[in-house]
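Student: Protein chains in written order, with my numbering: chain A, 1 to 346; chain B, 1 to 433; chain C, 1 to 462.
Worth flagging that the hints you see were computed from the coordinates, not collected in a lab. Everything hinted at is true.
Derived Cβ-Cβ restraints for the label pairs, each shown as a range:
hint : chain 1 : residue 1 : chain 2 : residue 2 : range
1    : C       : F197      : B       : V255      : 20 to 30 angstroms
2    : C       : R455      : B       : W249      : 16 to 26 angstroms
3    : B       : R114      : A       : Q341      : 29 to 39 angstroms
The model shown is predicted, which means the values in this text are computed figures rather than measured ones. Using N, Cα and C, we set each Cβ at its ideal position, and we do this for glycine too.
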Amino acid sequence: MRKTIFVLVTVLFMIASFGLANAARDYINIVGSSTVYPFATVVAEQFGKSTSYKTPKIESTGSGGGFKLFCAGVGVEHPDITNASRAIKKSEFDTCVANGVKEIVEVKIGYDGIVLANSKETAPLKLTRKDIFLALAKDVPDPSDAEKLVPNPYKTWQDVNPALPAKSIEVLGPPPTSGTRDAFVELAMEEGAKAFAWIKALKDKKKFAAIAHTIREDGAYVEAGENDNLIVQKLEANPDAVGIFGFSFLDQNMDKLQGSFVDGVQPTFDAIADGEYPVSRPLFFYVKKAHAEVIPGIKEYLQEFTSEKAWGPDGYLTEKGMIPMPDAERTKYRTDVEKLQNLMLQ
Amino acid sequence: MNNSETGSSKPDKKTRRSLDIVNQGLARRYRAERRFRYYGLSAIVASLLFLSLLFISIFANGYSAFMQTFVRLNVFFDPEVLQQESLASANYQGLVKSSLRKMFSDVKGRGDTRKLYGLVSSGASFRLRDMVLQKPDVIGKTLEIWVPADDDVDMLFKGHFDRNAAEGERRLNDKQLAWIDQLSADGRIEKKFNQTFFTAGDSREPELAGIRGAVVGSFLTLLITLLLSFPIGVAAAVYLEEFAPKNRWTDLIEVNINNLAAVPSIVFGLLGLAVFLNFFGLPRSAPLVGGLVLTLMTLPTIIIAGRSALTSVPPSIREAALGVGASKMQMVAHHVLPLAMPGMLTGTIIGMARALGETAPLLMIGMVAFIVDIPGGFTDPSTALPVQIFLWADSPERAFVEKTSAAIMVLLAFLIVMNAAAVILRKRFERRW
Amino acid sequence: MSPATLIIILLALSSLAYYVGRRRAVTVGGDKIQIKQLHSRPTYYGALTAIGCGIPTLLIFGFWLAVDSNVITQLVVADLPENIRNLPDARLNLIVNDIRNLVSGNIVSGEVDPAMQAAADHYRSLKTTSNAALAVVSISMAMLAIVFVRGKIKPGLRARNLVERVIKYLLIACSILAIFTTIGIVLSVLYEAILFFRVVPVTEFLFGLKWSPQMAIRSDQVGSSGAFGAVPVFLGTALISGIAMVVAVPIGLMSAIYLSEYANKTFRAAAKPLIEILAGIPTVVYGFFAALTVAPFIRDTGSILGLSVSSESALAAGLVMGVMIIPFVSSLSDDFINAVPQALRDGAYSLGATQSETIKQVILPAALPGIVGGVLLAVSRAIGETMIVVMAAGLAANLTVNPLKTVTTVTVQIVTLLVGDQEFDSPKTLAAFALGLLLFIVTLILNVIALYVVRKYREQYE
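Isolated chain A (complex conformation) (with noise of 0.2 angstroms):
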């Protein structure tokens, strides 16, 4: 008697709860990037201030770990809206395929130049991307020219570059899971790589990859998790920290870090506008058709982020230190937005 009262009790519990779950969820849940963050946190607060809707949750995951949430399917719970400071790549489109998600809108949103940074208390880096690669790459060319690859032995930047400081190198950056850390790796580190000769001839592309992206974990390179004010944080109190992350937030904190010159080029929103600054990126955020038409607020919600008082030249979104793109693309974008044009990769 007792056994089945305990049994039956325990059924209706497992029972109840699965029908606890059934809460509508009338919000909008975006995830992604800590780079796009601060921009999709503003357009959400006055998208929600300046309409009846809710405001969008949003959490900063990173891009990587964005797209993994957002490509695990279609259904409530399931995130709406990934941010990414980078742009799809297409096994994360196939996964995304393969897990029902067929429908993604691509929008992007400007550009971000991708800096090092240091404290305005000590002198700023001249580095190129040859010296940024000999800095933080796992393993590097043998040092005697040979055509080898040895452990990076380098632990002062003055070691990789006699013309560099004699500090040693301590660099906080974005994990796997942040779009800034695959952008960076590409933009800079490759670069970089491909000043030896012997590397960028290599036919092997995954060897490449693998010499090029691979960042050294003995210390001198930290990865400071998805939080980008943290890093600005940690700059502040240590001078002899360089910190990488998105220009937005170097615009942001102009009175206290100064960012690296990099091939010569110092990173100032007009350098990264006219592409000079050669670390520069697009910011991106994907939405899935298939909640854009059902939960409700997406539709105006991706109106207010491309409205022109937000992305425009005189947007909030610039004085966030957001780069906007040029009038042409603008244009491109908002169309789409508003026909929920497809993403066709191949």
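Mind docking chains B and C on chain A? Use the hints.
Tutor: Just chains B and C now, with coordinates in the frame of chain A:
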């Protein structure tokens, strides 16, 4: 060998009286005694010093958050801009901008005008919007309105800003400083009580950020925790103490519960993540899940406090009840439980106070998102006060430092009230048998 | 009617049942049988009726509410237009979400087309029917129960025993919940940790010297090497906890000694609560204080002295953690020092010992096992502390014992690995569970040892 002399005569080496040996060592021993006493006293003083250092540091950083700098603008509610059909989405920002331009008509150039607009918070337009939506008859009028200033201006007025630093190292350039000086000469800048801090939810702009969302979220979470943990905890304590047979199993259970009370809170967060979010599929970041996790964390505390309260009721009371014919259940319900209740309540209040300050488990279940709206129910996404403190502590704007300290002050105020209630309760209902 | 109103009605019915049962017990048998001859007090008969009425109906109520949502959704979906019904499950659940939003009056997305409006109306009407049916069923069930139990009321009915048995089962259920929590923690953490150990061998985890868990998350990405040797992380925890204990134990012990041996009553009554306040401050506040004030202070002092201090030195985090633990050590030691019988003290004084000598040579050795137990409990608290280290300690797993360098701890790694990536089958996420399991086991062992030592000691003075 005994020398009958007293006093400080020096005996020779072979015949030292024990009294003299003792007397010689006395001064040293008394000194050691005094030293030891001072060590003890200085330990207490050191602890209290740390405590006061903590409080003073938080208070010094946070008291300025209760005031906010406001700018008085002369705003013309232009009927052309404010057309009836879409009052909610009209360009209020434009009204603010034109008002600023009128005050500083000599400012030209895109860069300079942008800097001029930057003196006033972006929340100004929302304030105007709310005014218009409430009383549409202000359209066409010109009114003097106090709007919040930008957080950099606010920091300047609160003295956190070094005016004399080089221009590149300041957030406000010389022109902006000149405009601000002119505004204060005109009496258009003032510090007022910061109501927004208590009425608004989180925001990206420090001058618009408030703790209301966090406080409501904490309240909802604690409500669930209280509603679940108090009855279950008291019932479990009563059963384990009064009715459970005393064998090896119950011993094991007691050890278990004692251990649970000492398990790090982050492990409860892992449990919540794996079971409530992953297995049951409850909504992420909801006070419901937070309350469930905190219940599991508080249960052992309440059970242990309950058990010790029940143990402290003397056997004579129990035996007297049994002696007049009460059943065991009646004895517990009518005699033991009411006497043990104050102890249980004290334990519950202390458990709730601990739950209020917990952050780690809530981090694991997703309350770290950017959530602006005030939660309306138990399944709405929300954050909690300690989590809000944690999030703001990471923000780089200088203005968030004072907001974080002020939020800590509010949290500490709640905790002090709860602990004081527990102490008063304990004192009032304490009975010496 | 709405479920809320129904619950109130059911509760009212239960109270009515109580009165009915009670009255019946008093009047059963007319004048021949008086109250004295009833087996139990009348209130128990009332309670029995109320339980008989209330519990089954509440169970049905709960079960119905849990299930009806799903049933109604199925019915509504079956009536949707063909094309929508054939959508894959996930798309369908989005549409259903929209319909639900429409029904509850929330804002909906976009235009409300007639099909959706029809579906929403259908949903609403089904819900109303369901609620009505529930009301009918539960109220009639309640009535039936009342009549049935009332009919059974006789003087010989052992109502009190039945009621007490039901209450006892309720109490047992609550206790089981508390026990299930432990089992739940162990199982959930263990399960994920086992999944982890299938990928990374236990020996590598426990003895490996390299901790770099940020593996690539895509096949075409190059991340860290995925080394999961946790020794540097353990060392970091040990270092910071060690510094904390170096701060907390002397200060805590000496305060306890002073308060129990030297202080007068008013001083003790004032100082003890103040020290207890240190224990009540949320750890996030300590973390903020450590990151904002203590760490820069140590850094500046270090640079004045010419030492190279990291901005997140283990010293800063350990110092603040030590301050937090002082009240633990203090109050636990206080209990044990007070437990030493006065006879021992008197004996020492009578031989001419000063107070400090008595304490050092008589009382402390006597209270030592208890103090050691208390210190072990404090150590387990320090090891499990999260917020202070998350805000003040670093993220780099350094294999060092230099307190001026930055180290990371087990709890920091758990938080870093889990905030963000939610995939439950990558070694990265599972590593966090493995760390959590280890933390749980270590604190468990420390607590068991501490309690054993304390318990064993306590018996010596009985």
